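K.L.:
So you can see what is in the structure, the chains are spelled out below.
Protein chains: 6
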Amino acid sequence: MSTSHIDDWKAERLALNDLVMQYAGLTTKRFFSLDGQAYRPGALPASTKELLGLVASLVLRCDDCITYHIIQCHEAGVSSAELEEALSIGLVVGGSITIPHLRRALRAWDELQGAPSTE
Amino acid sequence: MSTSHIDDWKAERLALNDLVMQYAGLTTKRFFSLDGQAYRPGALPASTKELLGLVASLVLRCDDCITYHIIQCHEAGVSSAELEEALSIGLVVGGSITIPHLRRALRAWDELQGAPSTE
Amino acid sequence: MSTSHIDDWKAERLALNDLVMQYAGLTTKRFFSLDGQAYRPGALPASTKELLGLVASLVLRCDDCITYHIIQCHEAGVSSAELEEALSIGLVVGGSITIPHLRRALRAWDELQGAPSTE
Amino acid sequence: MSTSHIDDWKAERLALNDLVMQYAGLTTKRFFSLDGQAYRPGALPASTKELLGLVASLVLRCDDCITYHIIQCHEAGVSSAELEEALSIGLVVGGSITIPHLRRALRAWDELQGAPSTE
Amino acid sequence: MSTSHIDDWKAERLALNDLVMQYAGLTTKRFFSLDGQAYRPGALPASTKELLGLVASLVLRCDDCITYHIIQCHEAGVSSAELEEALSIGLVVGGSITIPHLRRALRAWDELQGAPSTE
Amino acid sequence: MSTSHIDDWKAERLALNDLVMQYAGLTTKRFFSLDGQAYRPGALPASTKELLGLVASLVLRCDDCITYHIIQCHEAGVSSAELEEALSIGLVVGGSITIPHLRRALRAWDELQGAPSTE
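Chains as they are written, first to last, in the numbering used here: chain A, 1 to 119; chain B, 1 to 119; chain C, 1 to 119; chain D, 1 to 119; chain E, 1 to 119; chain F, 1 to 119.
Chain A extracted, bound-state conformation:
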């Protein structure tokens, strides 16, 4: 039931985001702000937006981005069946080259299933 792998990941992400902000000029700062804004609920609910971010990250094969959206999907109340269907679309679109990332996506998701959704 441990989420320590994910907790470690979150801690490193926060520390490095602080470092980015120390160096960041206006363009970088505004991009980070925009990145947060894009996932706010609107015509589409937050859960759908997080699934969109997850599948985009899977086909572009970025493990950090996948981990981030896996956590966000969990917080937004996405079910395992919904998550798996979304990932399977990414698999078909992106091909077998996405499989190693799919494995790690489900490892992170599986870790979160043992943890209460409380942050």
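Calculated from the structure, these hints are not laboratory results.
Computed from a predicted model, the values in this text were never measured in an experiment.
Mixed in with the good hints, there may be bad ones.
Where chains are identical, the list cannot tell them apart; a pair therefore holds if satisfied intra-copy or between any two copies.
[Said to hold, decoys possible] Dumping the calculated DMTMM-like pairs for lysine to aspartate or glutamate here, alpha-carbon to alpha-carbon at most 25 Å: (1) K10 - E111; (2) K29 - D110; (3) K10 - E75; (4) K29 - E12.
Assemble chains B, C, D, E and F onto chain A, guided by the hints.
P.N.:
Chains B, C, D, E and F in isolation, oriented as in the chain A frame:
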């Protein structure tokens, strides 16, 4: 209100799919079958699945794939506001390099808005 | 000495940008604004920034983006020798898969050499 | 039985390669030479090397590169069954995003089947 | 003569594949089956198919996929000279961005050269 | 003020480059030579060429390549403001998918700021 650009695109796609099937071995045939299956409604509705396919296609920057999913989103009853929010996530994830594809996605969508959803 | 290919390209780009703005929500609008801001001269001159945008576009293999930055490099006073050296870095980093885009980049550049830099 | 589409493609490629050489510095010239050298028969026969170039081009989704290697495979005596198996590996590795390129690859291959291998 | 790095890699891959199958729906299960089928000998021998998978993985820059196909090439009896020629095509097509993956590909290959081919 | 992470990275890179050269055929050897040549000062100074290599590596999302060019930029006398502006162009072109790489790029850069430029 013309959809002739989209109609031409559909006709060429069908003709070339016929050609693929003339050459296709078992692996290719099964892949094409799997590609259709991935978008059937399940835990997620067809409209969400088409938006997932659309955003995956946008960040991977494939105009043909984008056109296909734009048509499928239209058939599945996606609204312009929902479509635009999904595309904006693809834009933020995939960056300015997706902009030319975003332009053509909205041109195809705009053509479809003038046409009754009847095919 | 004709630049009609580039002029046609510019006209279509403007028309489609207008269409994007008709559909655009806040995220998309802010992204387009940010995209313009990133290339304004700062610690690096505009010419260097345009070369950075050009090489990024070459290795990501987006013809529209390449054409845009080729025009911007021309306007910023980049020389043919500077342009070629930048493209050769993109060629080595991105490999032979970039060659078709390199060809079209130089076709656009060659067209611009016959035209006064006046827009 | 016409190969005019392929003939047009070859003519434009040659014209643009000439233009590249007019601008090319030493790095670009040496890269083009190296690109030719990589496909010469050695421990692997030319036909296998062309199939490797073709599948690499398919998963990277470059139509010009695919057309080039389709022609080279034809010249190297690759059979339709061998070509289709190679393409099906590219399809599985690269996913459905490669399908539009697979269609155009087989259109070019089909054109060549009607033509004697004489160039 | 140790292959412990590769043995560890194989063990983790198997454990995560088990996890994928626990969550997998029909689309994912069929994709995994198709992935195995694509490399079975047919018009092309297994060794050529594994080289195709390897070069596709190199230009798409997936270390896990590269390690997998390096092992498969070893089992299929590919020689070091054949492997190196195939990798050099991937290097030229995919550019210097593939070099870190090429280094790790040859590290895995070198480990396998000290081990009898017995699994 | 430790640069041990970067020192470790350099040591592994050198060891693996030696291994590559043990296996390398003529194509691979010539590619490595060309890779070095592309960054030599010419019409563009070394600092600009390293920034071009850095931004190309960022949008293609290769951590090893980014680390290499971060070190080279430091050696070439690039300032933190210049580096950040170049990275921000990569961020806008390549999108949020580049953010994890941007974080690690600035971590490497930050390590180098504590070290005298003496290698």
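K.L.:
None of the hints should be skipped; say for each whether it holds.
P.N.:
Hints, one by one, checked against the model:
Both within a single protomer and between protomers do K10 and E111 lie at most 25 Å apart by alpha-carbon distance, with minima of 14 Å and 21 Å respectively. Only between protomers do K29 and D110 lie at most 25 Å apart by alpha-carbon distance; the minimum there is 18 Å, versus 33 Å within a single protomer. Proximity of K10 to E75 under the C-alpha cut-off of 25 Å is restricted to the intra-copy arrangement: shortest distance 14 Å within a copy versus 32 Å between copies. For the identical chains of this complex, K29 and E12 are intra-copy neighbours only, at 19 Å inside a copy versus 32 Å across copies, given an alpha-carbon limit of 25 Å.
Hint compliance for this structure: no hint is broken.
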